[in-house]
Amino acid sequence: MTEPIVSYQDVHKSFGETPVLTGIDLDIKPAEKVAVIGPSGSGKTTIIRMLMTLEQPTSGSIMVDGNYLWHMEKDGELTPANEKHLRQVRGSIGMVFQHFNLFPHMTILENCMTAPIHVQKVGKKEAKERSIEMLEKVGLNDKLDDYPNQLSGGQKQRVAMARALVMRPKIMLFDEVTSALDPELVGEVLEVIRGIAEEGDMAMVLVTHEMEFARDIADRVLFLDNGVIAEEGRPTDVLENSTNERLQNFLHRFRS
Amino acid sequence: MISNWQWDTFYDSFPIIIQGLGITLGLTIACYLFALIFGFVWPFLNRIPIKPVKWLFTWIMEFIRSTPPLVQLFFIFYALPMIPVIGFTLDPFTSAVLGLGIHFSTYIGEVYRSGIDGVDKGQWEAAKALNFSTRQKWSKIILPQAIPPTIPMLGNYLIIMFKEVPLAASIGVAGILNLANSYGSANFRYLEPLTIVALLFLVLSYPSAILINKLERKMNRRFEKGEPTANKQPAEEEKGAVSQQ
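Residue numbers (the UniProt record's numbering), protein chains in the order written: chain D, 1 to 256; chain F, 1 to 245.
Hints are computed from structural coordinates only; laboratory data are not their basis. By construction, the Cβ of each residue, glycine as well, lies at the ideal position given by its N, Cα and C atoms. Careful, some of the hints might be misleading.
Sample of chain D residues with no beta-carbon within 10 Å of chain F, all distances over it, derived [to be verified]:
(1) T2
(2) E73
(3) A81
(4) E136
(5) F213
(6) I229
With a Cα cut of at most 25 Å, we get these calculated DSS-like pairs of lysine-lysine [to be verified]:
(7) D:K124 to D:K170
(8) D:K29 to D:K170
(9) F:K128 to D:K124
(10) F:K128 to D:K84
(11) D:K125 to F:K51
(12) D:K84 to F:K214
(13) D:K84 to F:K137
(14) F:K51 to D:K170
Each pair of labels, with its calculated beta carbon distance range [what the hints assert, rightly or not]:
(15) D:N149 to F:I160: 29 to 37 Å
(16) D:N149 to F:S208: 27 to 35 Å
(17) D:G23 to F:I86: 54 to 62 Å
(18) F:S208 to D:G123: 31 to 39 Å
(19) F:L56 to D:E126: 44 to 52 Å
(20) D:E126 to F:F44: 30 to 38 Å
(21) D:K121 to F:T67: 43 to 51 Å
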């Protein structure tokens, strides 16, 4: 059996007094595509935000590629991670956000190039080549010198994907990436994700409301409910054959 | 009143007063640069996550803002040299730069802070997701977005400072006001020289105000056509939804 690239061990998360996640255990294999579904407020986004180090777990641990994410091992003991450690581990993770979060003061090309140049210390020429290659992949290589506010929502989201991909992460996180888009723009974004997924070697975690898409693309679907993984398995098992009542209710709302 | 106006005095005092213009402008620029640079210190001191330290700096800032700049000038020029051990003497110009510069830096720091707070939360998260270091995050992502919208406000402070600089006359910096005043006391004629001072301030301030107005409109336009609202929403749905349950 291959070692998991991401492993959650009894992870809890509360915001103030409100518990959001109450015991998440989850292994993700390299190159595995995992879709996370569930009602809003069930903590799906929080799961991947903790992996991106945007939220700190209240308890439990997360391993990434064999290293603790929120802890450091020091003389055999675990201590809270410092920023240096977080930077090291988070380097293998990329994320695409619901609201794109492109840098409005940079052109499309600069948006993609800036992190490779400054974070990975890649030469300018190579960073540019890599960026253009990725922008070609998302079909936006004719917009290199445009600014984000000149693009449609779908185009922005595709740039955001190119920007994350240029960093060559081992794990890509997608946080409801089509939720802020006009319905007619959803398709183009899903197509790009499908293309990325088919290339294969990257693990992907998609928090999504697109059930059909989750079924198509995912190796495994997690149904999150009341702060735990209430159901998981192959897409057909979870989305069609599950006997979990809450899940059926949830899916029913989507079908109607 | 008009009968009292003497053009001879006007022409006579004008070249003398204009000599002080260099000092007045130089002092304005020196104070302003000092305030612009030192102003950066405040928002960062206020971000220190240790509560007592934060309170201390907030209190110091409040103290500097709530005392008149004239009192601060007097203190730096007359009182500071008399403090045992740490006291030192400064020449009038340096005292003025230090006094007015620190005073205005607290206001300019507040302008910077509003600019920083105006940067969307998603930008910080994107910077983290792309693994920027703290330093890079500030220099490449946050400040380039935080500072441009504050330029009109910063410009306003330049004009305000220009008008406050004559305070330095009180500790003997020979700007236009000082020269006009000495001319007045030497010749028993105050009307013409002080009118000249007022006119000089008007001639310099007014066009600057118009320029800053234009700049402001340009900035507003830029931000109107800026990002759509979708980009401005904080990514807090998950938390919000939880608390509703």
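Evaluated hints:
1. Listed as a non-interface residue, D:T2 keeps its Cβ farther than 10 Å from every Cβ of chain F; the least gap is roughly 25 Å.
2. With 10 Å as the threshold on Cβ separation, the claim that D:E73 sits away from chain F holds: the shortest Cβ distance comes to roughly 21 Å.
3. Against the 10 Å criterion, D:A81 stays outside the reach of chain F, whose nearest CB is about 14 Å from its own CB.
4. With a minimum CB-CB distance of about 20 Å to chain F, D:E136 clears the 10 Å threshold, and the non-interface call stands.
5. For D:F213, the requirement that its beta carbon stay farther than 10 Å from each beta carbon of chain F is met, with the minimum near 20 Å.
6. Distance to chain F confirms D:I229 as a non-interface residue, since its nearest Cβ pair spans about 16 Å, more than 10 Å.
7. Distance restraint check for D:K124 and D:K170: the Cα-Cα separation of roughly 23 Å lies within the 25 Å cut-off, and the hinted pair is therefore satisfied.
8. For the hint linking D:K29 to D:K170, the alpha-carbon distance of about 11 Å falls within 25 Å, and the restraint holds.
9. The suggested pairing of F:K128 with D:K124 holds, with an alpha-carbon distance near 21 Å, which does not exceed 25 Å.
10. With a C-alpha separation of about 12 Å, the suggested pair F:K128 and D:K84 falls inside the 25 Å cut-off, and the hint holds.
11. Between D:K125 and F:K51, the direct Cα distance comes to roughly 46 Å. Violation of the 25 Å bound is thereby established for this hinted pair.
12. At most 25 Å may separate the alpha-carbon atoms for a hinted pair to count; D:K84 and F:K214 exceed this at roughly 45 Å.
13. Simply put, D:K84 and F:K137 have alpha-carbon atoms about 14 Å apart, close enough for the 25 Å limit, and the pair holds.
14. Taken as a hint, the F:K51 and D:K170 pair is broken in the structure, with Cα atoms around 39 Å apart against an allowance of 25 Å.
15. The supplied range of 29 to 37 Å is met by D:N149 and F:I160, whose beta-carbon atoms lie about 33 Å from each other.
16. Judged by the Cβ atoms, the range 27 to 35 Å given for D:N149 and F:S208 holds: they are separated by roughly 30 Å.
17. A hinted range of 54 to 62 Å for the beta carbons of D:G23 and F:I86 is consistent with their spacing of about 59 Å.
18. Evaluation of the 31 to 39 Å hint for F:S208 and D:G123 yields a failure: the beta carbon distance comes to about 44 Å.
19. Take F:L56 and D:E126: their Cβ atoms lie about 48 Å apart, and the range 44 to 52 Å holds.
20. For the hinted restraint 30 to 38 Å between D:E126 and F:F44, the CB-CB distance of approximately 34 Å keeps it satisfied.
21. The hinted range of 43 to 51 Å is satisfied by D:K121 and F:T67, whose Cβ atoms lie roughly 49 Å apart.
When the structure is compared with the earlier hints, violations turn up for hints 11, 12, 14, 18 and for no others.
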